[in-house]
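FYI, the numbering used here numbers position 75 of the sequence shown as 76, with every residue one higher than the one before it.
Don't take every hint at face value.
Said to hold, decoys possible - Calculated cross-link-like contacts (lysine-lysine; reagent style DSS-like; alpha-carbon spacing at most 25 Å):
1. Lys84 <-> Lys124
2. Lys84 <-> Lys114
3. Lys114 <-> Lys124
4. Lys84 <-> Lys121
I should point out that these hints are in silico values taken from the structure, not numbers from a laboratory.
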Amino acid sequence: MDGPDMRLAPIPVLMLCALPALADAPLFVLDQTRLPFDLGPGAPQNQPSRQSNSPHAAANSAASPANSASRYANSPRNPANEKRVIFTADGLVVGYYAPNGAGTLNLFDLGGKRVAYRPKGSKSLFSSDGRWCGTVADASGGGFAFGVTRDCAGLF
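All chains, full assembly: derive it from the sequences and hints.
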């Protein structure tokens, strides 16, 4: 994310024009060892082994149409997702987020590939294969802030 080899997919023109107004979800790399217990993977509600956090749980499953980028609600072509921009500290837009209706929050890269999800009832993000990926905080003025591990940041 912070190296010169970062590659970004083309950004829709509307996103470029409205970046300051739409950039409501900062993404930052966190040091997992410095997190309070209730935000890390050791807290019971955030453990990858918890069934409700599993990538195989119905609400989280990549096989579920509700989590697919081919569903218009999750598509990068959906204008609503232009208001759910994920950006880095450098102001680079790297993706967007979309809720699935069952309480799962999905994070997508600019091309519409699902990168991570936050299960209902958890403060944690998980990668598509179920690894603990980071944490979600409510941002001032609405939206979210995503603190992710370096490995997960590289997925964007």
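Against the structure, the hints:
Straight-line distance between C-alpha atoms of Lys84 and Lys124 comes to about 22 Å, which keeps the hinted pair within the 25 Å bound. As the CA atoms of Lys84 and Lys114 are separated by approximately 18 Å, the hinted pair is consistent with the 25 Å bound. Note on Lys114 and Lys124: the hinted pairing holds, with a Cα-Cα distance of about 22 Å set against a maximum of 25 Å. A hinted pair counts as satisfied when its Cα atoms are at most 25 Å apart, and Lys84 with Lys121 qualifies at roughly 21 Å.
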